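Undergrad: Chain by chain, the residues:
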Amino acid sequence: MNKIISKEYFSDNVVKFEVEAPLIAKSRKAGHFVMVKVGEKGERIPLTIADANVQKGTITLVVQKMGVSSTKLCALNEGDFITDMVGPLGKATHIENFGTVVCACGGVGTAPMLPIAAALKNAGNKVISVIAARTKDLIILEEQMRQYADEVIVMTDDGSYGTKGLVTNGVELVINREKVDLCITIGPAIMMKFVSLLTKKYEIPTLASLNTIMVDGTGMCGACRVSVGGKTKFVCVDGPEFDAHQVDFDEMLMRLSGYKDIERQEMEKMECASGARK
Amino acid sequence: MNFSEERAQSWRADLRSAKKAKERTDIPRVHMPELDPEYRSHTRVEEVNLGLTPEMAMLEAQRCIDCAKPTCMDGCPVSIYIPKFVKQIEIGDFLGAAKTLKETSALPAVCGRVCPQEKQCEAQCIHTKMKKEAVAIGHLERFAADFERESGNISIPEVATPNGIKIAVVGSGPAGLSFAGDMAKMGYDVTVFEALHEIGGVLKYGIPEFRLPNAIVDVEIENLRSMGVQFITNCIIGKTITIEELKEEGFRGVFVASGAGLPRFMNIKGENLVGVMSSNEYLTRVNLMDAANPESDTPVLPGKNVAVIGGGNTAMDSVRTARRLGAERAMIVYRRSEEEMPARIEEVKHAKEEGIEFMTLRNPVKYIGNEYGRVTHMVLQVMELGEPDASGRRSPVEVPGKTELLEVDEVVVSVGVSPNPLIPQSVAGLEVTKWGTVVVNNDTMQTAIPMIFAGGDIVRGGATVILAMGDGRKAAAAMDEWIKANN
Ligand SMILES: Cc1cc2nc3c(=O)[nH]c(=O)nc-3n(C[C@H](O)[C@H](O)[C@H](O)COP(=O)(O)OP(=O)(O)OC[C@H]3O[C@@H](n4cnc5c(N)ncnc54)[C@H](O)[C@@H]3O)c2cc1C
Ligand code: FES
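Those protein sequence lines, which keep their order, are chains A and B. Take 1 as the starting number for the first sequence in my numbering and just add one per residue. Take 1 as the starting number for the second sequence in my numbering and just add one per residue.
Source of the hints: derived by calculation from the structure; they are not laboratory data.
Below, a list of computed lysine to aspartate or glutamate pairs in the DMTMM-like style, where the Cα atoms sit at most 20 Å apart:
#, chain 1, residue 1, chain 2, residue 2
1, B, K352, B, E46
2, A, K72, B, D290
3, B, K269, A, D248
4, B, K269, B, E371
5, A, K260, B, D409
6, A, K126, A, E142
7, A, K41, B, D218
8, B, K434, A, D238
9, A, K41, B, E209
10, B, K366, A, D248
11, B, K20, B, D66
Every beta carbon over 12 Å from chain A, so not counted as near; a handful from chain B, in silico:
#, residue
12, S17
13, D146
14, G164
15, R211
16, E340
17, E354
18, N486
Remember, predicted model here, so these are calculated numbers, not experimental data. Note that beta-carbon positions come from the ideal geometry of N, C-alpha and C, so glycine has one too.
Take these sequences, add in the hints, and give me the full structure.
TA: This is the structure in structure tokens:
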């Protein structure tokens, strides 16, 4: 049981939680994630650790309402308890002074990117963050990102804020302007696929932080497997970051959609139930 | 008292002379009452075996002739004093029988249900040498343990005066639980750390409810709690806390019982299609996460034509689970013949009664999917048994050019597990084999790092509950000695 210390809405669908977890706060590094379960019959879902405060013994999670489990989590309030939480899991991001690094984030991907950008900056890199979303309201953590990044480029699909265009347009702009040594991308799988295709064209080493389906998150089941360079890897223990140019994104997208029908039914069930209660 | 002195006690001697050996061996072996196969293949959680009645158990116990040289005990990995507990059942001293079991086995209600008795104690029973069916030792073990539990008279073992020495256990499967129990008895301050949100290891996430009800495992866990053992779930040693940190916190010994949780795949084409998964994933979803329960948030793909690859207990558990979740065709695909299957004979029998199809001498070579990436077919290579290899086992060889196409919408890969790599990766100086198992001294279960002992599947690779439990007990005795010697 982990207590929620604070809750803040970034938008209607994106919530930031500060959660009590002293041991995880102490041992986590940029790139790590936790598995979270809400309720006795809840599902175990992976969430990247966006920040931690060792003194307070807390970690920060940023959650986007997507399916049943994230919606249940977002319904919790300050003072409530998360039933189960385990971590830190996965491999930490490898940080060194690469030179110039472009962080390409889509949607809530900005949250897990934040500690990576901070660590990269600390290691002496020039950090340029491209944060992209469909529309202005979905751009999150821009201010926080500005604390670490030398430059923040905001992109929106509809042009309601920053520059109109996709994350790839922003990345390409930087590539055409200066030498980029590394690109890191976190966001929806389809977005990472296109970032990867772009940087491959320019032969820029790229890391993608993959968000596959997981069950245990400890390497026990293989639900999270992806093909990287033709070999099967478990995202929860071998990742979550991989050489993007080696990742089979099409297979990953296909595997991500495997449970869509069931998820949709569950969402409808949940909405019906909450409707009935009103 | 040694075994022959015990055997010479008057109650045993009288019992032996009360009935001739011939009369005893002529009694037919008891049949375990079971749920109706048709009914049970549609019910998710009800246990298949219903247990013996006291009358059945006492009659079955009569079949044992109380041999002077009880070879059955040689077949038992932990040398349970089998004739004694069987004879106690014969005279109706069921609680006494349970006590005898507990002298050597930490989990008799579990082992009575899941041990491969036909390869262990029962294989060595004198009856088999007379071409008769062995005494149903496993059923009797289960009976005594269940009787004790249901009677509400569970004897909580005496716990020595606390010595204040902190001991950590990594993993809460049978190895960890039995180690924790023995150490607590000796007065140690034991804390069990478990990575998952549930305690019990494979007993909870792997073996299904219809074969081993969770309630039975929970009773054992409660017993340990009442002996002072502490459990911390959601804590991964090597990630959440390191062994180094445990040492700093004053833990004097660590027992690593982290199991063989890493699923193997076959690395064939299409194995990453939607609908193809490891048995660990399938069973974890259904058992640990209760995915088939409408109340649960965890989904499980419904399969109409389900193929399970493998011939072990895990494969049987998976295929029988699939049947219970509504599969019209639930199939075992195994590359050898039925004779070589490592699964318990009872599971194979139960599976067949439940309508499971056995496609033996078949090996998958690739999976085919539809435009959504969902598996629709698999290609099977037909095999035949070749010449015996060095081990004397006839190994399967391909029949050239002979393949079959099978329609499937779900495939569960159950071709074995590898040791959990978390601990070996996170502890410098631990000696590990090329298979990833932790190297220990076989007599003491001590690793290359003196304060760390290890046992169960992390040492053996995928093995059995009884061996894991035996390792836990052996390690406890040895660690106690080591701590005393190094005080
Ligand atoms: C489906 C299935 C059916 C089986 N059927 C039978 C059967 O009928 N008969 C039989 O004898 N055997 C059977 N077995 C095998 C038997 O279950 C195992 O041999 C036995 O459970 C091994 O016990 P263990 O204590 O070594 O490990 P496990 O039971 O695997 O327990 C290990 C525990 O450690 C935890 N852990 C791992 N790493 C860490 C860490 N770093 N920190 C904290 N916790 C950690 C894991 O989460 C797990 O809970 C079966 C196995 C399976 C999977
Ligand atoms: S989530 Fe189970 S192995 Fe990665």
